[in-house]
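Enquirer: Dock chain F with the ligand against chain P, hints included.
Chains as they are written, first to last, in the working numbering: chain P, 1 to 489; chain F, 1 to 307.
In case anyone wonders, no lab produced these hints; they're calculated from the structure.
There are no misleading hints in this set.
Calculated from the model, a selection of chain F residues having no Cβ within reach of chain P, i.e. all distances over 10 angstroms:
1. Phe-34
2. Gly-111
3. Phe-115
4. Ala-116
5. Leu-122
6. Ala-142
7. Val-190
8. Gly-194
9. Pro-204
10. Thr-205
11. Tyr-291
Residues from chain P shown here face chain F by an in silico Cβ test under 10 angstroms; the list is partial:
12. Ala-37
13. Val-38
14. Ile-41
15. Val-270
16. Gln-421
17. Ser-438
18. Pro-474
Straight-line Cα separation of at most 25 angstroms, DSS-like style, residue types lysine-lysine; simulated pairs:
19. Lys-470(P) / Lys-275(F)
20. Lys-201(F) / Lys-63(F)
21. Lys-218(P) / Lys-241(F)
22. Lys-265(P) / Lys-238(P)
23. Lys-119(P) / Lys-162(P)
24. Lys-269(P) / Lys-241(F)
25. Lys-135(P) / Lys-162(P)
26. Lys-241(F) / Lys-267(P)
27. Lys-119(F) / Lys-470(P)
28. Lys-470(P) / Lys-119(P)
29. Lys-201(F) / Lys-275(F)
30. Lys-269(P) / Lys-248(F)
31. Lys-221(P) / Lys-241(F)
32. Lys-470(P) / Lys-141(P)
33. Lys-55(P) / Lys-248(F)
Quick reminder that beta carbons are idealized off the backbone N, C-alpha and C, glycines included.
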Amino acid sequence: MNQSAIVPEVGTKSLLRILWRQLTSMRTALILLLLLAVASIPGSLIPQRAQNPMKVRQYFASDPTLASWMDRFSLFDVYGSSWFSAVYILLFISLIGCVLPRTVEHFHAARALPPLTPKNLNRMDFYHSWSGSEKDFMTAKDWLTRKRFRIREFEGAISAEKGYLRETGNLLFHLALILILVGVSIGGLFGMSGEAIVNVGERFTNTPTTYDSLTYGKLFKDESLPPFAISIDSFQAKYNPATSAPEDYTLNVTVKERLGAKPVKRKIKVNSPLGFGGTNVYLQATGYSSVVTVRNAAGEIVLQGPIPFLPQDSNMTSIGAIKVPDSSPQLGFVASLLPTAARDKLRGGISIYPEALDPELLFSAWKGDLGLDRGIPQSVYRIDTSKMEKIGLKGLKIGQTYTFADGSIRFDGVVQWVNLQVVRDPGKPFALVGGILSILGLLASLFTRRRRIWVRFGAGGVIEVAGLAKNAAPGLEEEISELTAELRR
Amino acid sequence: MTHTSWAFLSNYLIYSSMALYTLAFFAHAYETAFAIRAPQPEIQNDSSGNLLVKTFDFSRTEKAARIATAFMILGTALLLGGVVARGVSAGRVPWGNMYEFSITGALAFSGAYLFALRKYDLRWLGLLVSISVLLTLGTAVAVLYRPSAPLVPALKSTWLVIHVSAAIISGGVFLLSNVIAAAYLYLDSVESKGDRPVWAKRLPTLEVLDQLSYRLVAFVFPLWTFSVIAGAIWAEHAWGKYWGWDPKETWAFITWVAYAAYLHARVTVGWRGRKAAWLCLFAGSTFLFNYVYINIWGTGRHTYSGL
Ligand code: HEM
Numbered sequence: 001m002n003q004s005a006i007v008p009e010v011g012t013k014s015l016l017r018i019l020w021r022q023l024t025s026m027r028t029a030l031i032l033l034l035l036l037a038v039a040s041i042p043g044s045l046i047p048q049r050a051q052n053p054m055k056v057r058q059y060f061a062s063d064p065t066l067a068s069w070m071d072r073f074s075l076f077d078v079y080g081s082s083w084f085s086a087v088y089i090l091l092f093i094s095l096i097g098c099v100l101p102r103t104v105e106h107f108h109a110a111r112a113l114p115p116l117t118p119k120n121l122n123r124m125d126f127y128h129s130w131s132g133s134e135k136d137f138m139t140a141k142d143w144l145t146r147k148r149f150r151i152r153e154f155e156g157a158i159s160a161e162k163g164y165l166r167e168t169g170n171l172l173f174h175l176a177l178i179l180i181l182v183g184v185s186i187g188g189l190f191g192m193s194g195e196a197i198v199n200v201g202e203r204f205t206n207t208p209t210t211y212d213s214l215t216y217g218k219l220f221k222d223e224s225l226p227p228f229a230i231s232i233d234s235f236q237a238k239y240n241p242a243t244s245a246p247e248d249y250t251l252n253v254t255v256k257e258r259l260g261a262k263p264v265k266r267k268i269k270v271n272s273p274l275g276f277g278g279t280n281v282y283l284q285a286t287g288y289s290s291v292v293t294v295r296n297a298a299g300e301i302v303l304q305g306p307i308p309f310l311p312q313d314s315n316m317t318s319i320g321a322i323k324v325p326d327s328s329p330q331l332g333f334v335a336s337l338l339p340t341a342a343r344d345k346l347r348g349g350i351s352i353y354p355e356a357l358d359p360e361l362l363f364s365a366w367k368g369d370l371g372l373d374r375g376i377p378q379s380v381y382r383i384d385t386s387k388m389e390k391i392g393l394k395g396l397k398i399g400q401t402y403t404f405a406d407g408s409i410r411f412d413g414v415v416q417w418v419n420l421q422v423v424r425d426p427g428k429p430f431a432l433v434g435g436i437l438s439i440l441g442l443l444a445s446l447f448t449r450r451r452r453i454w455v456r457f458g459a460g461g462v463i464e465v466a467g468l469a470k471n472a473a474p475g476l477e478e479e480i481s482e483l484t485a486e487l488r489r
Numbered sequence: 001m002t003h004t005s006w007a008f009l010s011n012y013l014i015y016s017s018m019a020l021y022t023l024a025f026f027a028h029a030y031e032t033a034f035a036i037r038a039p040q041p042e043i044q045n046d047s048s049g050n051l052l053v054k055t056f057d058f059s060r061t062e063k064a065a066r067i068a069t070a071f072m073i074l075g076t077a078l079l080l081g082g083v084v085a086r087g088v089s090a091g092r093v094p095w096g097n098m099y100e101f102s103i104t105g106a107l108a109f110s111g112a113y114l115f116a117l118r119k120y121d122l123r124w125l126g127l128l129v130s131i132s133v134l135l136t137l138g139t140a141v142a143v144l145y146r147p148s149a150p151l152v153p154a155l156k157s158t159w160l161v162i163h164v165s166a167a168i169i170s171g172g173v174f175l176l177s178n179v180i181a182a183a184y185l186y187l188d189s190v191e192s193k194g195d196r197p198v199w200a201k202r203l204p205t206l207e208v209l210d211q212l213s214y215r216l217v218a219f220v221f222p223l224w225t226f227s228v229i230a231g232a233i234w235a236e237h238a239w240g241k242y243w244g245w246d247p248k249e250t251w252a253f254i255t256w257v258a259y260a261a262y263l264h265a266r267v268t269v270g271w272r273g274r275k276a277a278w279l280c281l282f283a284g285s286t287f288l289f290n291y292v293y294i295n296i297w298g299t300g301r302h303t304y305s306g307l
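With the rest of the complex left out, here is chain P (with noise of 0.2 angstroms):
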């Protein structure tokens, strides 16, 4: 005999089966969960580019072939990486295959009568048996029913169930989970997120163009924007005196839901966004624009107005960069705005308190060649130097002036920025009711005892009583020991 005849044949069809079958185990199961878990980790280890952007760039400065490496392995994208992707997708297959047969399951059981008494009782859980009369036997039903049991009633015997909800809410749960992920990929899909740093004063417009940045869904479309424009009227921020810890921030906005409607005033705080439909604008950061005015040596203005800076500290010590490509040489202020401006024998110039009470710009001026045109993405608050020429150091205070060979700076004064976040997110909802349906369905199934207990009413006359608890629930010897209690009286 050939060897080969004894293997059975695995065909395709029965290797699917095999696999799905494996995927659906609840072994496989609690491994793809305990993997999620390990998977998480060094997202929130690592800095993530959605995240933390400035904190990649820095691993790729220091250590460029290392870094390149950990983003081959989407290191500083986990969370939409596809090895990431990977197991949780595998997760849900698993528990949609598990949970929706489950379903169909419960659906017929949750209407089918228990099963039927067993022969021999006394090898159940919390067995009791006396001799007793049919008069027990039917307060024992009575007393079954009275509690809500399922009952089924064959030749003598009872089979009593309850707790079907245990199994309801458990289902529920499992199918809640599936319609959270419906959600969050209904928001990955359709949704969209963007941020705009805009001056007290401005006006934002919700078009493309105007962001800083900008994702979109896979199927989300341009035309899908709410063309809303929103001007910033005024900022308040509330500082503690004390610590400099922010207390309240309100933003005063003048609000056109779209082109010729009626301008309406409205407020944004941190907890309150602003709504347009599904679109909400909500306040995120801010910080100060230092306002400057700088000439070349002919005294023409080449460049004016306000150019946002980075908040550094609590006291809103902010960096930046003021560039200035369109005079030539190209000039560059590598520079700090102090709110409060104070010295500090170690560290020199800094803020002591977040107000705009004193302001001072210190800055470096440098002339050259800005580097803007070589492609590489720059920071708006960084200015690269490497070829450049320093021409000076100086610190102004608001309406002085410095003034070099190639031109002069004027430092006009501060505005504060707020930064926009702007997000549409249709999947919203769905992630909402999934949560809710999850917890009902957890306490549903994490609070509810499933159990049977049996009554045989046997020949001379013995009655005999017993129980069995799913999952060794607690409680059940009690409820026994209540009924025999009642039968006995």
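Expert: Same frame as chain P, but now just chain F with the ligand:
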């Protein structure tokens, strides 16, 4: 009363509660130490040949145990007062920095113990509970203390109250279940080598410990789920996204998944005993890591430890 006097009151109450927890600790220590019975002549003659068997007789120190519990209840009441006064002084819920998380967490932990004590005979845990509460409060007062101050704007939300209170209660119960799982592992390894040490004789059987640790997790898992969801709702209000994979959120998620795995392992795969206890400790350690590491050294938007 002014803000400052409320803040002083809070500090006094917390110091007093520490004094009471210290008393409770000593009473529990007395209870254990003086329950030891010196070897008795008739036991020395027994056939096991073990001459130095000491036994415990806790009925001898029953009174000390009652006193210890009374101290603990008083201490918890004062701590509750201290936490409330702290909240009043700041004009908000007292969960704005790590000092406040710690005192509230200690309150939740000893509250969970006292609550469970009504149903189960857990007095054997008293020594451990009182010393861990003392250590937590001591660290809070000595290292983490910050003057009472109002919240940063993002934390001004009703959802903060809901989210953080649920998280702290869950944390207290998770911690309790971990202590019990650790006790299980220790006693299991001791028992496999022979008998329990005398002081542990009074602890429940391994089976009861195993069940107890599971019950506690099953009891708070929905609350933890709720806490994560409430956090997501709050994040949506403040930051525009209900889920942003911020390190703190990520670790809350990891804890959630780990405890879900634990429940699965027990309910569907049938894990019991050592394996289950280790998994429970793993899940619990993710919670602790989140609290300690991410709060102090983490980046992300949840770092308002005030340090
Ligand atoms: C991946 C596929 C999954 C499958 C096949 C699955 C299946 C099951 C099954 C059969 C039970 C048994 C309940 C009982 O008999 O009482 C259960 C319980 C449970 N599952 Fe899942 N599940 C999956 C995913 C998940 C996920 C992703 C979570 C959450 C992170 C989760 C959380 C739970 C919890 C908390 C319980 C305990 C409920 C109880 O004790 O009754 N499951 N699951």
